[in-house]
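Student: As given, the protein sequences belong to chains A and B, one line each in that order.
Heads up: the first sequence is residues 1 to 167, going by my numbering.
Heads up: the second sequence is residues 1 to 148, going by my numbering.
The hints are simulated quantities; they were obtained by calculation from the structure and are not laboratory data.
The beta carbon of each residue, even a glycine, is placed where N, CA and C say it ideally should be.
Among these hints, one or two may not hold up.
[Said to hold, decoys possible] Going by beta-carbon spacing under 8 Å, a handful of chain B positions derived as facing chain A:
no.: 1; residue: A6
no.: 2; residue: I10
no.: 3; residue: I11
no.: 4; residue: V13
no.: 5; residue: I14
no.: 6; residue: G21
no.: 7; residue: L27
no.: 8; residue: L31
no.: 9; residue: V129
no.: 10; residue: I133
no.: 11; residue: V135
no.: 12; residue: G146
[Stated by the list, open to error] No more than 30 Å apart at the CA atoms, straight line, and that leaves these computed lysine-lysine pairs for DSBU-like:
no.: 13; chain 1: B; residue 1: K33; chain 2: B; residue 2: K121
no.: 14; chain 1: B; residue 1: K32; chain 2: A; residue 2: K44
no.: 15; chain 1: B; residue 1: K121; chain 2: B; residue 2: K32
no.: 16; chain 1: A; residue 1: K44; chain 2: B; residue 2: K33
no.: 17; chain 1: A; residue 1: K131; chain 2: B; residue 2: K71
no.: 18; chain 1: B; residue 1: K121; chain 2: A; residue 2: K44
[To be verified] Some chain B residues flagged as far from chain A (calculated, every beta-carbon gap over 10 Å):
no.: 19; residue: L9
no.: 20; residue: N24
no.: 21; residue: G49
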Amino acid sequence: MTFYELLVIMHVIGTVLGVGAATFAEIHYTRFNIDDIITDDERKTLTTTYTVMRAGLFLLVISGFAFLLYFRLTENVAALTSPSFWAKMTIVAVIVGNALLLQARMVPFAIGAAVSITSWYAALVLGVIGKTNATYVEILMYYVVAIVLVGLSLRWIRAWLHAPKKL
Amino acid sequence: MTTTLATLLIIHVIGGVIAIGMHNVILMHLLKKAPNYVFVSRLAWSSAGLFFLSWVTSAYYYVTYYGSAVKPRILAGAMPAAHTFFMETKEHIFLVLPFLAISIALCTMYLRSNPDDDLRKSTAFLTFVALVIGVATAASGVLVSGSI
Chain A
1 MTFYELLVIM HVIGTVLGVG AATFAEIHYT RFNIDDIITD DERKTLTTTY TVMRAGLFLL
61 VISGFAFLLY FRLTENVAAL TSPSFWAKMT IVAVIVGNAL LLQARMVPFA IGAAVSITSW
121 YAALVLGVIG KTNATYVEIL MYYVVAIVLV GLSLRWIRAW LHAPKKL
Chain B
1 MTTTLATLLI IHVIGGVIAI GMHNVILMHL LKKAPNYVFV SRLAWSSAGL FFLSWVTSAY
61 YYVTYYGSAV KPRILAGAMP AAHTFFMETK EHIFLVLPFL AISIALCTMY LRSNPDDDLR
121 KSTAFLTFVA LVIGVATAAS GVLVSGSI
């Protein structure tokens, strides 16, 4: 196994943990909050899920910078100036900034959750697509539209789950 | 590039990124009303140590290799601003980071024995400033590497 393959595996594991944890954080929170009460057990489950998400983010960032070094040392630097690479860097920065804003309670949870889950999936999609003809601004515009759509969908799902059930 | 210089570059980048990540974790904890100051203080000192390690290794790389082998290629390339603006800014602003990191570590060490809400908030703000500078420095580094 080459060093490059090890980096790819580390990067994929980081993404899988992050995307999976972001998905289950949303599922758990929506499910636990149906009765508007988060019990201690439910809080522990959410805390564990967020810990997994942070571990994924750590692996993603470290392997991402290890890729950067690999490309730099092998003089293969074209990837470092591609729009999708910078869009991915921006989205990872949004994931970190969003987590800080949520922790400081400076952003409503509904918005923060939509930003978090969309950002993780956007990073995954950009990683899979690789090279694209879209510019940096175009990618970020798609990303913002996706956040709005996901936010509205989550809002609709929560409202539907909270609605009185017909007997 | 020799193996020694490549190793120094790897230590500079990975050490710096981990130190920035530690500041992120410190900030997350300082935003709580009752953080675990023992954990935060240990992390803050580790971060300061890593920033100094990143600083020393980058200084050696810069003085012995970058100026003679990398800088001319960037200046002759498609984006000379990667050196004239981003590297020049990075190398000066980065000087502040290790000392910001030490200030944060000293504050968190003081908070271990003297918990104080105002100092916690001020330290959180200082950590936020260090985090922003760290991220900007890392992004500049990527841009410089990509402009060769």
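Student: Which earlier hints turn out false for this structure, listed by number in ascending order?
Tutor: Going through the list in order, the structure violates hints 3, 9, 10, 19 and 20 and respects the others.
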